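> Spelled out, the chains give:
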Amino acid sequence: MIAIVDYGVGNLFSLISSFEKIGADIKVTSDANVISSADGIILPGVGAFEDAARKLRESGLDKVIISQAKAGKKLMGICLGMQMLFEKSFEYGEHKGLGLLKGSIVPMKGTIPDKLKIPHIGWNALHFAKDSNLFKYIKPDDCVYFVHSFYATDCHDSVIATAEYGKELTAAVQKDNIMGCQFHPEKSGEVGLSILRAFCEME
Amino acid sequence: MITKRIIPCLDIKNGRVVKGTNFKGLNDVSSPIELARLYSDSLADELVFYDITASFEGRQLFTDILTQVASEIFIPLTVGGGINTVDDFDRVLKCGADKVSVNSGAIKNPNLIKEAAHKYGDQCVVLSVDIKRVDGEFHVFAKGGREDTGIEAINWIKQGVANGAGEIVVNSIDTDGVKKGFDIELLKLVCDAVKVPVIASGGAGNTQHFIDLFKQIPDIDAGLAASIFHFGEVAIPDLKQELRKNDIIVRL
Numbered sequence: 001m002i003a004i005v006d007y008g009v010g011n012l013f014s015l016i017s018s019f020e021k022i023g024a025d026i027k028v029t030s031d032a033n034v035i036s037s038a039d040g041i042i043l044p045g046v047g048a049f050e051d052a053a054r055k056l057r058e059s060g061l062d063k064v065i066i067s068q069a070k071a072g073k074k075l076m077g078i079c080l081g082m083q084m085l086f087e088k089s090f091e092y093g094e095h096k097g098l099g100l101l102k103g104s105i106v107p108m109k110g111t112i113p114d115k116l117k118i119p120h121i122g123w124n125a126l127h128f129a130k131d132s133n134l135f136k137y138i139k140p141d142d143c144v145y146f147v148h149s150f151y152a153t154d155c156h157d158s159v160i161a162t163a164e165y166g167k168e169l170t171a172a173v174q175k176d177n178i179m180g181c182q183f184h185p186e187k188s189g190e191v192g193l194s195i196l197r198a199f200c201e202m203e
Numbered sequence: 204m205i206t207k208r209i210i211p212c213l214d215i216k217n218g219r220v221v222k223g224t225n226f227k228g229l230n231d232v233s234s235p236i237e238l239a240r241l242y243s244d245s246l247a248d249e250l251v252f253y254d255i256t257a258s259f260e261g262r263q264l265f266t267d268i269l270t271q272v273a274s275e276i277f278i279p280l281t282v283g284g285g286i287n288t289v290d291d292f293d294r295v296l297k298c299g300a301d302k303v304s305v306n307s308g309a310i311k312n313p314n315l316i317k318e319a320a321h322k323y324g325d326q327c328v329v330l331s332v333d334i335k336r337v338d339g340e341f342h343v344f345a346k347g348g349r350e351d352t353g354i355e356a357i358n359w360i361k362q363g364v365a366n367g368a369g370e371i372v373v374n375s376i377d378t379d380g381v382k383k384g385f386d387i388e389l390l391k392l393v394c395d396a397v398k399v400p401v402i403a404s405g406g407a408g409n410t411q412h413f414i415d416l417f418k419q420i421p422d423i424d425a426g427l428a429a430s431i432f433h434f435g436e437v438a439i440p441d442l443k444q445e446l447r448k449n450d451i452i453v454r455l
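Chains as they are written, first to last, in this note's numbering: chain A, 1 to 203; chain B, 204 to 455.
Since the hints were made in silico from the structure, they are not lab data.
Please note: incorrect hints may appear among the correct ones.
Taking lysine-lysine pairs in the DSS-like style, the calculated list, with each CA pair at most 30 angstroms apart, reads [as the list claims (entries may be wrong)]:
| hint | chain 1 | residue 1 | chain 2 | residue 2 |
| --- | --- | --- | --- | --- |
| 1 | B | LYS317 | A | LYS55 |
| 2 | B | LYS216 | A | LYS109 |
| 3 | B | LYS418 | A | LYS115 |
| 4 | A | LYS102 | A | LYS27 |
Keep in mind it's a predicted model, so treat the numbers as computed, not measured.
Construct the complete structure from the given sequences, taking the supplied hints into account.
Structural data, given as structure tokens:
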């Protein structure tokens with residue numbers, strides 16, 4: 001069973017539907033026991049980093065996720081959920097993340113060419129940086145759907161894919177059992193579903 | 204590189220797609236779900252569902268359909284029509300919409316964009332504008348393009364973006380339905396005025412019109428059309444192949 005962590009941030013409709021579509025056994029939960037007994041954890045998230053990180057801390061689930069991930073359970077953060085795996089974010093101030101991955105979240109504004117529109121929104125091609133089981137059903141340059149204004153940097157040890165938008169932006173990360181997608185697999189058609197399937201099939 | 208998007212728009216009335224379709228292989232040519240599935244399988248980058256029912260029952264039916272579509276179609280969905288309040292945003296977002304398009308609602312309630320952007324984020328709010336030339340000026344039209352508001356369009360769009368609209372759909376009434384190509388003049392003005400994605404609507408009659416659009420306005424993000432896709436006059440995979448041949452970056 002895969003636990004989708006519900007900590008009151010964003011709309012989980014599409015994420016739940018996409019896991020149901022691939023036949024995965026999922027539970028949407030804010031119960032620490034369910035998360036602890038799951039085979040894998042999905043950490044979703046949309047909106048502002050500070051608000052989401054605070055809600056996660058207030059729920060007390062941050063500690064559960066950290067201890068489960070450190071014990072080797074597979075974990076995937078999606079969009080803001082991925083960003084929260086890192087040490088800190090510079091989204092309107094400086095905020096602490098879960099610290100499961102090395103690196104930080106920085107704004108596109110001022111770090112990509114001025115002429116580019118922000119947010120980075122739409123379908124963009126994945127460039128693989130490292131081999132990953134997450135990509136076993138997809139090929140280089142397959143497109144996925146992005147919506148974000150901030151991105152992960154200083155994360156050379158975990159980046160497994162990038163997408164070009166003025167520069168190579170972190171698109172997916174993995175450090176052993178801890179993974180994340182900046183894009184929305186639940187909105188990326190068959191390619192996205194294939195990534196979720198690969199996650200579900202991991203030991 | 205970010206790809207240029209091709210977006211079919213489905214007008215829904217009483218649970219059915221208006222403007223019948225003649226796709227081969229579709230059991231029910233006006234079933235929104237079947238058509239959505241077909242478009243998703245044929246590389247549409249996004250779908251727009253426009254609710255043109257006025258009745259309460261029709262609205263219920265629309266949200267039911269939206270829920271069904273969102274349960275099995277995994278590409279971005281934009282919903283418009285009858286969006287007048289933040290509660291309307293809530294209603295369609297709960298059914299799986301990713302973006303919500305406001306048109307007349309933003310004219311009636313000047314705070315709608317601001318309130319919705321604050322609650323759901325800029326990326327969620329799409330400002331859709333029906334525009335027509337009046338005495339050499341571009342005017343915003345309301346009520347499905349029937350009423351001249353007298354508002355100057357470019358300023359209206361700039362103001363919408365300042366209030367938090369994360370994307371603009373420009374529907375040119377002058378070119379809509381004529382099938383002689385998009386309104387390049389107007390679209391250029393809009394692209395020069397704002398730094399959010401701009402979606403061109405109104406006037407697409409064939410593949411060449413999309414090539415002209417993306418070639419003549421490199422900043423435009425997407426082309427939207429309805430009947431040419433519904434009637435099978437242009438198949439999206441073929442359109443995208445042609446765009447790629449013309450060095451326009453698309454998802455294939």
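> With reference to the structure, classify each hint as holding or not holding.
Here is what the structure says about each hint:
1. A hinted pair counts as satisfied when its Cα atoms are at most 30 angstroms apart, and LYS317 of chain B with LYS55 of chain A qualifies at roughly 24 angstroms.
2. Between LYS216 of chain B and LYS109 of chain A the alpha-carbon distance is near 42 angstroms, which puts this suggested pair outside the 30 angstroms criterion.
3. Distance restraint check for LYS418 of chain B and LYS115 of chain A: the Cα-Cα separation of roughly 18 angstroms lies within the 30 angstroms cut-off, and the hinted pair is therefore satisfied.
4. Restraint check for LYS102 of chain A and LYS27 of chain A: the C-alpha separation of about 29 angstroms stays at or below 30 angstroms, so the hint holds.
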